[in-house]
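K.L.:
Below are the chains, spelled out letter by letter.
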Amino acid sequence: MLELHGITLATPQRTLIGGLTATVGPGEVLVVMGESGSGKSSLLAFLCGALPAGLAASGSVRVDGREVTDLPTAQRRIGILFQDDLLFPHLSVLENLLFALPAGRDAERRSVAEAALASADLAGYGPRLPHTLSGGQRSRVSVLRALLAQPRALLLDEPFSRLDMALRQRFRAFVFERLRAQGVPAVLVTHDAHDVPPGARVIRLDDEEPAP
Amino acid sequence: MGAALRPVSAAARRGWWVPAATFALPLLASLWFALAGALDAGAWVRLVADPALPRALALSAGVGVAATVLSLAITLWLVTHLHGTAAWARIERTLGALLAVPHAAFAIGLALLLMPSGLLLRLAAPLAGWTSPPDVSTVHDPLGMALILGLVLKEVPFLLWNVAAQLRPVAQAAQLRQALLTGQAMGYSAASVWWRVLWPQLLPRLALPLLAVWAYGASVVDMALVLGPTNPPTLAQLAWSWLLDADAAVNAQGAAAALLLAGVVALGALMAVAAVRALRPLLRVRQVRGDRVASGGASRAVAAAVGSGALLYGLALALLAFVSVAGVWRFPALWPQVVSFDAWAGVAASLPVLGHTAGLALASAATGVLLAVAWMETTPAGWDERAAPLVFATMLVPGVMLVAGLYQLMLLLRLDGSLTGLWLAHSLFTAPYALVALAPAYRGFDARYEQTARALGRSRAAFLVRIKWPMLLAPLASAFAVGFAVSVAQYLSTQFVGAGRHATVTTEALTLASGGQRTLLAAYALLQALLPALVFGAAWWLGQRQARRLGLEAR
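Just so you know, the sequences run in chain order A and B.
Take the first sequence: its letters are residues 224 to 435, numbered as in our numbering.
Take the second sequence: its letters are residues 1306 to 1860, numbered as in our numbering.
A hint or two may mislead.
Chain B is nowhere near these chain A residues, computed Cβ spacing over 12 Å in every case [to be verified]:
1. Ala276
2. Leu309
3. Arg332
4. Asp344
A few chain B residues that don't get close to chain A, going by computed Cβ distances all over 12 Å [as the list claims (entries may be wrong)]:
5. Gly1488
6. Asp1596
7. Pro1780
Residues from chain A that face chain B, not an exhaustive set, calculated with beta carbons under 8 Å [to be verified]:
8. Cys271
9. Gly302
10. Asp307
11. Pro312
12. His313
13. Glu318
14. Tyr348
No lab work stands behind these hints, which were simulated from the structure alone.
If you're wondering where the values come from, they're calculated on a predicted model, not measured in any experiment.
All C-beta atoms in this analysis are idealised placements derived from N, C-alpha and C, irrespective of residue type, glycine included.
Construct the entire structure; sequences and hints are all you get.
P.N.:
Okay, here's the thing in structure tokens:
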């Protein structure tokens, strides 16, 4: 469960977000939409503890009942996915997944990573370097990697916008299905109304009230 | 019409060999002559039999390895803990100024700080009860520690500048921020993300600068003359003294020693590559082990390191000014008994030296920039990579070896001892630096400006003179300043190719370094540092003015 309470973000010139309050349950997606510069990405930066200098913020963030507002990014257990897949190019696909997995017995970690690859129709791709995969395959690996880190919530910063229409539709379905299956609450920032999953609540940053 | 609008015309491309040959032919000829000069069996026999060789060789390799490893470790540590902070932005802004300080001038300043009668031991004297300079080798020490310190203080800014250049492009900077955040969102500390993910990607791109640091550290002569061990000296110093000898047989031994040094540099580089390859699988396992180690608070140590480095730099340069007017300054006084401007009067009396230095630097910097521009106007950007081995040769081949060959070439051309020969020799060193400094801005110039100008009916020459070069005035001026600084700092080529006939502030300063005229030494060293600083200042002013005119401040 991800709880946002009274979040206000402001530049020295204007208030971007004023007192945003919302609760996102396990497997739910809260969609944040708005014009460029409306504060969508700044909201995600605040949620993961990386607010850029020059922005003032107040309000609180709780993950599974734990207050994380003042914790550094590494201790929040809030994962993030960007437009670019950001797979580490010098590590193989399998090593990218191992990087995300918590420490443990080597054989166990490998089998978890390989099972994740197989579940995404990527069995046998483990030894390959990211640049040898197609865009859609890399995007799927980046989602697997984010979820293998066992986040308590996931932030999605326009992760579909770089993909072409056909791929985009399949990738959206893949992401939302994984989030539901693992019960991870998510906040999705997007420009595109097509990205909104059925039944998801939408916040428009011009009105800031969650639609029913 | 399409062909006419191409950024680089077919006709222009045909001319690529002119700048390439102008730079490459003398360079390759010099390398050939250096090799040929060293292929004398007798010289090798004498070299191997020389009792000083084993220790000199070990000193060169040891100083080179220590300076490289320490410089790299400090650079990695500083960037890991400072990148993205306000302190990093401040450091990044000062790197250009630090790089402009010639190695020899800095070494002289550092020597004035560290020597037994230097400022540091004067400060310690009341505590230690010294009334005269203590009998300790704080410079010219047998292990080369002072030389290593000097090299590290000069090479860390160079490596930081290279890291900053890699991370500065907007796309790179954004990707770096997102990669850091991605790793941190998985529970890793920022430092952990740097060590496991970012450095493994960045370090291969620092291979050439690191190689340059290693080659310079192992073969440096000018800094070693001021700070290095003397009995025996490093192999580079030995080779240099043999090359300057009046006896041709000893010269051949010097050429052999220079080639041996080049072999050591190459062998060291190969061993480093082999070690990295052998360690890579182990490091990969470590990178993906999944343990989230909490990062310790390194901020105080980092602040202390940056503060100490800045203090040493500042004191070394300030001492040059201070000592140049310290007429009588008895130990352990902190203030001179007599302030005297005699040294500056001496400098003023030798105006031809200043004239030679500035004239040579202006001419060879202009030549370097001209060659760099000609190369980039006649070749596509991808060719820079092909030219890299030759471009970096002047930075990677030990200076003593290169100038020995260069001298033979000048003898052949009957230009030895002439100003023309010196200008050509200096240009061989300024051109690669000018290219490296200019290429990012020049290659990144928006090709659509040319298409627009050509579509408006302007010739290529008109486009270059009226559009492109005025728009690139700031990077052109910076590249010129870099070339100017490189020329001013030339010691080996000035002494050897000029056959000792044309003194510059650098040759004067290094000649004085072995004598007792401390005020004159400081004055010349300060002048050596001030000349490039003035040109860098002018380039900066020109760049700012142009940015204001073009409304580019925000970019």
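K.L.:
Compare the structure with each hint and give your call.
P.N.:
These are the hints, each one checked on the structure:
{"no.": "1", "hint": "Ala276", "verdict": "8 Å, violated"}
{"no.": "2", "hint": "Leu309", "verdict": "5 Å, violated"}
{"no.": "3", "hint": "Arg332", "verdict": "7 Å, violated"}
{"no.": "4", "hint": "Asp344", "verdict": "23 Å, holds"}
{"no.": "5", "hint": "Gly1488", "verdict": "8 Å, violated"}
{"no.": "6", "hint": "Asp1596", "verdict": "4 Å, violated"}
{"no.": "7", "hint": "Pro1780", "verdict": "29 Å, holds"}
{"no.": "8", "hint": "Cys271", "verdict": "6 Å, holds"}
{"no.": "9", "hint": "Gly302", "verdict": "5 Å, holds"}
{"no.": "10", "hint": "Asp307", "verdict": "7 Å, holds"}
{"no.": "11", "hint": "Pro312", "verdict": "7 Å, holds"}
{"no.": "12", "hint": "His313", "verdict": "5 Å, holds"}
{"no.": "13", "hint": "Glu318", "verdict": "5 Å, holds"}
{"no.": "14", "hint": "Tyr348", "verdict": "16 Å, violated"}
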